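Chemist: Model the full structure from these sequences, guided by the hints.
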Amino acid sequence: MNNSLVELNNCGVFRNQKWLVRGVSLKVSQGEIVTLIGPNGSGKSTTAKMSLDILKPDEGTNTIKKDIRISYVPQKISIDWSLPLRSIDFVNLVTKHKTSEINDALGITGIQHLINEDVRNLSGGEFQRLLMARAIAKEPHFLVLDEPVQGVDYSGEIALYKTIQEIVKKINCGILLISHNLHVVMSQTDYVICLNGHVCCSGIPSSVIKDQEYIKLFGSNIDPTLSLYKHNHDHHHLPDGSIKEADKNK
Amino acid sequence: MFDDFIIRAFVAGIGLALITGPLGCFIIWRRLSYFGDTIAHSALLGVVIAYAMNFNLIIAVFAVSCFIALSLLFLQKRTNLPDDALLGLLAHSVLAIGLVLLGILSFIRIDLMGLLFGDILSVNITDVLFVWVGGSIVLIVLILIWRPLFAATVNLELAKAEGLNADLANAIFTILIASVIAISIKIVGILLITGLLIIPAAASRNLSSTPIQMAIISSVIGLVSVVLGLQTSMIWNSPTGPTILAIALGVFTLSLIPLKKLLISKKKIELSN
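Chains A and B, in that order, are what the protein sequence lines are. Note that my numbering has the first sequence beginning at 1, numbered continuously upward. Note that my numbering has the second sequence beginning at 1001, numbered continuously upward.
In short, the hints are calculated from the structure, not lab data. Predicted model only: the values in this text are computed from it and were never measured. Yeah, the Cβ is synthetic: ideal placement off N, Cα and C, and Gly gets one too. Hints may contain errors.
[As the list claims (entries may be wrong)] Some chain B residues judged to face chain A by a derived CB distance under 10 Å, without partners named:
#1 Ile-1028
#2 Asn-1056
#3 Asp-1119
#4 Ala-1151
#5 Leu-1156
#6 Thr-1210
#7 Pro-1211
#8 Met-1234
Modeler: Here is the structure:
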């Protein structure tokens, strides 16, 4: 029984006389978060693009399940000044949604009040939240997040990662996540792939952090107890900084 | 009714303005203004071919424009040169080939001024039909490909990743530009068509807050410029195409006035009183 949404089989991309990444195999199934970690230029985004079929692998095969909804949060996106574009238009970019759905999605990422704001007036963090909201509104089967929380403030970052987990539960989608936050990666993902031009090591988080290759890349001074430490707030903050009532299911 | 050349001019001009509005917006959004110029320059070759083979002018220009547009797509994939270099290469080499052919085929007599600046007062009933039938097709196709084209304009990879056929939409869009330039040759000429595409859209940018709004307002501004331009040119006996563009520039200048801000500050003053 094969329930995978996306599968890469020994994939590589060759550009300008060198392999950007080679020999990558991965599988994302429903309800699963797979995370890519690795230093700059290690081929994380390239791998994500192969899984979306934006880049055709020069060797190996990429298979995407037919007729699934896909959402993509790219690493970099810049809106040209000449484009008059409000948040609501941006959410409707690929698929048209009902206003109530858009409100919900913007609410989840905490920017509901910016629905009619021009996209160019958003701050970096707000724009990142908008990208997430657009991806969520589609209720995708497969969601690719390329460093989705860059530029988001620290409390917002944790809240957004929590949101990601909630989405997986709610709509049961598969997620391919690229992240630099090892703390989050190690505590909230099902499967970790450590890239450095090739797959250095992969597995469930608790086994990856013991891997020699991982220690070589990220250093042994990352205390596994610290990176696995689930820190429990007795309260959490709303995007505007006010305190929401204490978390009850602790 | 179409016997009167003035009426034909109005009908053709208005039809053209309605198409150039939304297309001009995409040209601005995608930073393709130089692309419009390139296609327009290469139109000379189409004109020479049409005269040499005694062929319909608009169809010949359309064919050459499409060829240039598709060559550009091909060169973009095959070379590492930046787009503006490729456009310069195509524009001037095709213009040169057109001029060489024109020199060799010495029996051809072309009204060069008419070609460069257009002569809206000389359009015949066939030209009017080309504008309205061709223009309607262009508009319908643009509406059909709006979503993938617009998504690809905002972010190509995102559009592709989420299953839109962005490459196809881009290719169709270049063909649409080629057709509009072919249609407009007789009306505003090859030197001025980029202006008719860009100036109304630029003015519209200052007045609109959503993409569709910008496309519609751009058409309206184009329409106003054509109507006022034609009338002005008759009163002053000035060349029509340039007059239309001058009026469009006037509208653009007016659009720079920050109406919303003025209204808001007026209200504030009223409130504080």
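Chemist: So, for every hint listed, does it hold in this structure?
Modeler: Checked hints:
Hint on B:Ile-1028 holds. Least Cβ distance to chain A is approximately 5 Å, under the 10 Å limit. Interface hint at B:Asn-1056: violated, since its Cβ lies 35 Å from the closest Cβ of chain A, which is beyond the 10 Å cut-off. Checking B:Asp-1119 against chain A by beta carbon gives a least distance of about 32 Å; that is not within 10 Å, so the hint is violated. Satisfaction of the interface hint for B:Ala-1151 is found here, the shortest Cβ-Cβ separation to chain A being roughly 5 Å, below the 10 Å cut-off.
Taking 10 Å as the C-beta cut-off, the interface hint given for B:Leu-1156 holds, the closest approach to chain A being about 9 Å. For the restraint placing B:Thr-1210 at the interface with chain A, the shortest Cβ-Cβ distance is roughly 6 Å, inside the 10 Å limit, so the hint holds. Because the beta carbon of B:Pro-1211 sits about 6 Å from the nearest beta carbon in chain A, less than 10 Å, this interface hint is met. Checking B:Met-1234 against chain A: minimum C-beta separation of about 34 Å lies over 10 Å; hint violated.
In terms of the numbered hints stated before, the structure departs from hints 2, 3 and 8, listed from lowest to highest.
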